[in-house]
Amino acid sequence: MTSPNPEAANAAKPSLRQRIDLERIALGLAAPVLAVLLSLIIAGALLAVSGRDPFEAFRIMWDYGTASDGQVATLNKATVYYLAAAAAAFGFRMNLFNIGVEGQYKLAMLFAAYVGSQVDLPAFLQIPLLLVTAMLVGGLWASIAGLLKVYRGVSEVISTIMLNAIATAVIGVLLVPGVFAPKTNGTSNSIQTGKISESSHFFSISTQGGTLWGFVVIAALVGVAFQFTLNRTRFGFDLRATGRSESAAKASGVNVRRMVITSMVVSGALAGLIGLPELMQNTPYFGQNVQTNLGFIGISVALLGRNSPIGIVFSALLFAFLDASGAQLPTQGDFPSEIIPVIQGTIVICVVVAYELVRRYGLKRQQQKVGAELAAQAAAAAKKEVAA
Amino acid sequence: MVANHDIDITVQRGTVHALMGENGAGKSTLMKILYGMQKPDEGTIAVNGEQVEFSTPGDAIDRGIGMVHQHFMLADNLTVWENIVLGGEKLHGIGAKAKAKIRELSDQYGLGVRPDALVEDLGVADRQRVEILKVLYRGARILILDEPTAVLVPQEVDALFDNLRDLKAEGVTVIFISHKLHEVLAVADAISVIRRGTTVGDADPHTVTARQLAELMVGAELPSPESRESTVTEAEMLLVEGLRIAKADAEGIERVVLDDISLRIRKGEILGIAGVEGNGQAELVEAIMGMLPLDAGTVSLDGVDLTGKLTRVRREAGIGYIPEDRHRHGLLLEAPLWENRILGHVTERPNSKGVLLDPAGARADTLRIVEEFDVRTPGIEVTAASLSGGNQQKLIVGREMSHQPKLLIAAHPTRGVDVGAQAQIWEQIRAAQRDGLAVLLISADLDELIGLSDTIRVIYRGRLVADADPATVTAEDLGTAMTGAARGHIESEPEALAEAQAAAAEGTEAEAEAGPSTDTADDDQAGE
Amino acid sequence: MSTAIASKPKSPNAPAKKPKLTWPVVLLLIAGALVLFSAVGMATGNHGLTSSGQISAALSSAVPIAMAGLGGLWSERAGVVNIGLEGMMVAGTFCGAWAGFLVNPWVGLLAGMAGGALGGLLHALITVTFGVDHIVSGVGINLLIPGICAYVNRIYYKDYVADGAGANQSPPADSLPNITIPGLSGWLKTIEGHHYFLLSDIAGIVGGVVTNLSVVIVIAAVFLIASYFVLWRTVFGLRLRSCGENPTAAESLGVNVYKYKYLAVIASGAFAGLGGAYLSLVAAHFYRDGQTQGRGFIGLAAMIFGNWMPGGLAAGAGLFGFTDSLQLRDADSVHVLLLIVAIAMALLALWQSYRRQFTAGVISILVAGAVATWYALTDAVQRPLIVATPYVITLVVLALASQRLRPPKADGQIYRKGQAK
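Chains as they are written, first to last, in our numbering: chain R, 1 to 388; chain U, 1 to 528; chain B, 1 to 421.
Everything labelled a hint here was simulated from the structure, so no lab data went into it. Please note that a few of the clues may not be correct.
Unchecked claim - Dumping the calculated DSS-like pairs for lysine-lysine here, alpha-carbon to alpha-carbon at most 25 Å:
{"no.": "1", "chain 1": "R", "residue 1": "369", "chain 2": "B", "residue 2": "417"}
{"no.": "2", "chain 1": "R", "residue 1": "183", "chain 2": "R", "residue 2": "195"}
{"no.": "3", "chain 1": "U", "residue 1": "39", "chain 2": "B", "residue 2": "259"}
{"no.": "4", "chain 1": "U", "residue 1": "39", "chain 2": "B", "residue 2": "417"}
{"no.": "5", "chain 1": "U", "residue 1": "168", "chain 2": "U", "residue 2": "101"}
{"no.": "6", "chain 1": "R", "residue 1": "369", "chain 2": "U", "residue 2": "39"}
{"no.": "7", "chain 1": "U", "residue 1": "247", "chain 2": "U", "residue 2": "309"}
{"no.": "8", "chain 1": "U", "residue 1": "90", "chain 2": "U", "residue 2": "101"}
{"no.": "9", "chain 1": "U", "residue 1": "168", "chain 2": "U", "residue 2": "309"}
{"no.": "10", "chain 1": "U", "residue 1": "267", "chain 2": "U", "residue 2": "406"}
{"no.": "11", "chain 1": "U", "residue 1": "180", "chain 2": "U", "residue 2": "168"}
{"no.": "12", "chain 1": "U", "residue 1": "267", "chain 2": "U", "residue 2": "309"}
{"no.": "13", "chain 1": "U", "residue 1": "353", "chain 2": "U", "residue 2": "406"}
{"no.": "14", "chain 1": "U", "residue 1": "39", "chain 2": "R", "residue 2": "364"}
{"no.": "15", "chain 1": "B", "residue 1": "417", "chain 2": "U", "residue 2": "90"}
{"no.": "16", "chain 1": "U", "residue 1": "90", "chain 2": "B", "residue 2": "259"}
{"no.": "17", "chain 1": "U", "residue 1": "309", "chain 2": "U", "residue 2": "353"}
{"no.": "18", "chain 1": "B", "residue 1": "417", "chain 2": "B", "residue 2": "259"}
{"no.": "19", "chain 1": "R", "residue 1": "364", "chain 2": "B", "residue 2": "409"}
{"no.": "20", "chain 1": "B", "residue 1": "409", "chain 2": "B", "residue 2": "259"}
{"no.": "21", "chain 1": "B", "residue 1": "409", "chain 2": "U", "residue 2": "247"}
Stated by the list, open to error - So, partial list: chain U residues that the calculated Cβ filter (under 7 Å) puts toward chain R:
{"no.": "22", "residue": "323"}
{"no.": "23", "residue": "328"}
{"no.": "24", "residue": "343"}
{"no.": "25", "residue": "344"}
Beta carbons are placed, not taken as given, at the ideal position from N, Cα and C, and that holds for glycine.
Take these sequences, add in the hints, and give me the full structure.
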């Protein structure tokens, strides 16, 4: 199986004396840039065909993106997307497809909201409590898939798809008046948990463009920890080795079973964080407000960012920008905001194809180069031997 | 990269034509071209005087060319008849008529193939017969056999050769790819030798000697591991007792893979394990490495009990491992060399300090390995995939030797490696042995086994059934034991032994006159 | 479980251990289940589970799932994992409703299949030609196709409000014909009404099938059966399956692996598209965003539950459809189901102890006891639990029977031409 985690780490680590590597970086960057351009062209054509001026649409988006309120909205969304992508990418780095991010974050968010509504500690205890609760729930839910894979050989793709559906059911059972939702007088249709306590609110920064969620700090911490773990720790090496070749990793002494469970749990724990910015900064309860599909967006963002903690910063910002500015389209002209998923979908599909082509081209090219260099060396050596 | 250039071969109808060359000489590429799996950049192919061009295997099949691949091309979950009929459905349909035809062909050539069996349930020799039948079913008049004997025991090889002679008698042309000299001399009517992707000469098997052939193949002197004085000490290094592994198969039936395996390797001793592939060698290695759970038995190293310990603990305890399949088990192909240097020793210096990696230390040490072990590479940032097989293997050997191993497990250490690297690897194993290393050597190359080992044990169907002293045994007698025909301690007839040793000695002398023996220097390169 | 295992020829020298699911065994099990259902129905006075209404609702829910599963079957038998089924289904709902409105629902069905097939073509292009990981491609497709459909839905139907288009949905298409067997259906209804032991239950089930049966259900059933014959009894099918088992071997025999993979994945999309068209032409008469509700994934689950065989897949789809339609039933019927499960588990425990599988037997009897207690202590079952049941069952099957499952050997692997050694 081709690894879904191309060597972003290599691309980011230039070796000065080798042109090959510079070339690879250029190639690596060309792929996403071209994918974005291509998808803009396709979306533009789609807009033009439906009788709308694509340049006007892009101008609206660009204007919003360069305005301070647009930037704040983008950053807030990017925070969520970054967490979602980090959750997916952590699994991807060892060839684990955690399709279940979707179920993990919803369940984690529900539990965090419930705990937040029932417990009222001082903020310095309350906030860590909610973070830990969410991560624990997400991690535990994900661990089911990990255990099933390790002990029963069930593909994590299938089991996480099942677990997503089961998570929805679990939420349905729990989110009823008298369980996780307060008993209401029956006036309201929508069922939701109680409001989380004031102390559960995460800090935010007021800017002239609106409220910037303080959760961006958590996302940044996650990113730094992810990057450090991946490239500077033994655990990270084991993780990458397993992703590149499970058989080689096993022979090298990596306890693959434990790695599978660990990375599923970590991935699920990260997924647990996804819903918290919304909960702790925007709407203080769990109910109809929950944004769905974040799990799959996270997978897309991770793929675009080549599963690298640095790469997904850019892809999360791009996706967030598209979504935030896309929301402006219907308000400022006759542009349906539904064009945004089209752009995002095209980007993802173009980019995975481009990465694959670049990966294969790069491998072949390096093989040729090494062959050529060695042939030259061998020829020189042979001459020396003859002379001697 | 040029894999093949200036290849000229003419094959007469109704003959067995052998195509020889060592591993990596370009035989496989040539075969792929002949069978339409790859297109040549220039040059022509003519069948029966008619120039042809193959763009798919289908084209080759239409011209009556059939190929029996070295790695069997069978779908395990399909039945024998489905495998045979696949791609040739137009010939006899896919119903009763097809099955009847299969039975008819099977009887005609004495292949004994059962059309309704599931391929999954067949043994190696049976699978090969299915492969041959597959080709015959398509009415092939030219048969290409790619290293057909690599996986067979000598008796099965004889049966195969009988089949080939029958085929020849019926006017079928056979192209037989091999690097095993005595097999080629036994069965071929004509021989072409390939080296470095080009034909270097034709030979008549009736007049050529094995030695001349070998020189044609290698183009230089033939290296062969030499026996030397013993470095075996009395100190026990590896002790394996009563090992047993039984795997449950898809049916839920237990199949015993290893049974009652006990062995002991002392410091400075090389213990060779001989056996036909698939008799439990791979599992034995994995059991000692801690990659397979044991059902019974113990493993201890240097007095420390390692039973039930994780692979990493065993590696840290001092087991070095040169795996059989380096692409799957030894390397991260898409990672740079220095990361490959870390693989397997991530917990040890200079690769890490505490839980943190030490990339600088690993890089520096990789440079040292490249230098000391003569790994030919333009740098340590290139991916492992871009190195040749021999250099990949040297990197692995260098890595495993860099952590003062107490025990080295070397599974087919020179398989698919060029002659130069082969000699270097042997020398490195020897040098370490002199320093007190214990080595468990698994090899399909009997000459390598006899040349390197201090003791040889024979594995057959998961049991160690025989043992031998390499000084008093011939490859032939060892081969017999590998089929399960001989048990206990094996000792060869003195005169046969003398002859074999003389032949081996001659083989190593580059300038010597051509020797008379046809058994000379058989199989210096292990099968792929 | 499924008939799939029975049709798998086993090694001749392996001793028979487990009784195989042959047709007689399956029929016996079905008969046993019927008796159980009617006995419990008599005892509790609730005949809802075998009523014609329940059966026809279950059938109706099962069809889109079965078609998605059939799509998965075609694709995976050729070695391509297709989690893009969901997206292809969406394409089917959209194209089905669109052509159904513009021309007629028959053309709508065809258009739905064509739309799904287009999605399949895209998946084939990405996975087969470009060699991208199958899951990755599937995720991309699930993002892209619903996006395009939502976009077109938004801009296109604005001008059709007069025809009944809503803010978010397409104008309605005409209905497809339903089949009711005139005399039989009424007669069965009468028998069902009498609540005779067994007889009324059978009448309910048969009645559910012969009353107001959508013609698309018949078409789906035909496709399901035809798929078995095409895949297992024709040259085309042999070649297609060989691509999923060992593509290099197939290539070496002159099979054009790319071609068969393409055809399989396109067919896969077409079946998913038909499932989608069923949703927008039969289950509803219009297209709406998010109409599929993850049925593509459920189809995949049904296929895996059915061990990658059409018969098993049909059983899986039936199970998912049955529980899905239970949501619409009165709470009482669902509650009765608990009792049935408890009795079935107890019977299973008896069988297991007869076969001396005591650990399994103890577990079964414990489960039976727990479910019986649950039945005794409650008056209703939370509906979300019922929806979750088939997923849990599939997980349990995967976890316990993974050794007996036989996915195609090269399923999900990326194949490149000429990669043979």
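Query raised in the report: Between residue 409/B and residue 247/U, is the straight-line Cα distance small enough, at 25 Å or below?
Result: holds, 20 Å
Query raised in the report: Has the given pair, residue 353/U with residue 406/U, been kept, meaning a C-alpha gap of at most 25 Å?
Result: The given pair, whose Cα atoms are some 23 Å apart, holds under the 25 Å limit.
**Report entry** Given pair status - residue 409/B, residue 364/R, alpha carbons within 25 Å
**Finding:** It is violated: about 28 Å lies between the C-alpha atoms, which goes past 25 Å.
Query - Holds or violated: residue 183/R to residue 195/R, with C-alpha atoms at most 25 Å apart - result: Measuring from Cα to Cα gives roughly 13 Å; hence the hint holds.
Requested in this report: Would you mind confirming whether the straight-line C-alpha gap from residue 369/R to residue 39/U stays at or under 25 Å?
Outcome: Within the cut-off at roughly 22 Å; holds.
**Report entry** Pairwise hint evaluation, residue 259/B against residue 417/B, where the allowed Cα distance is 25 Å at most
**Finding:** holds, 11 Å
Requested in this report: Mind checking the alpha carbons of residue 90/U and residue 101/U for me, to see if they're no more than 25 Å apart?
Outcome: Roughly 13 Å between the alpha carbons, so the hint for residue 90/U and residue 101/U holds.
Query raised in the report: Does residue 309/U lie within 25 Å of residue 247/U when you go C-alpha to C-alpha?
Result: holds, 20 Å
Query - Holds or violated: residue 267/U to residue 309/U, with C-alpha atoms at most 25 Å apart - result: holds, 22 Å
Query raised in the report: Are the Cα atoms of residue 90/U and residue 259/B separated by 25 Å or less?
Result: Holds. Residue 90/U to residue 259/B sits at ~18 Å (cutoff 25 Å).
Query raised in the report: residue 409/B and residue 259/B: Cα distance at most 25 Å?
Result: Within the cut-off at roughly 19 Å; holds.
Query - Agreement of hint residue 343/U with chain R interface, Cβ distance less than 7 Å - result: Since chain R brings a Cβ to about 5 Å from residue 343/U, closer than 7 Å, the hint holds.
Hint compliance for this structure: hints 9 and 19 are broken, all remaining hints hold.
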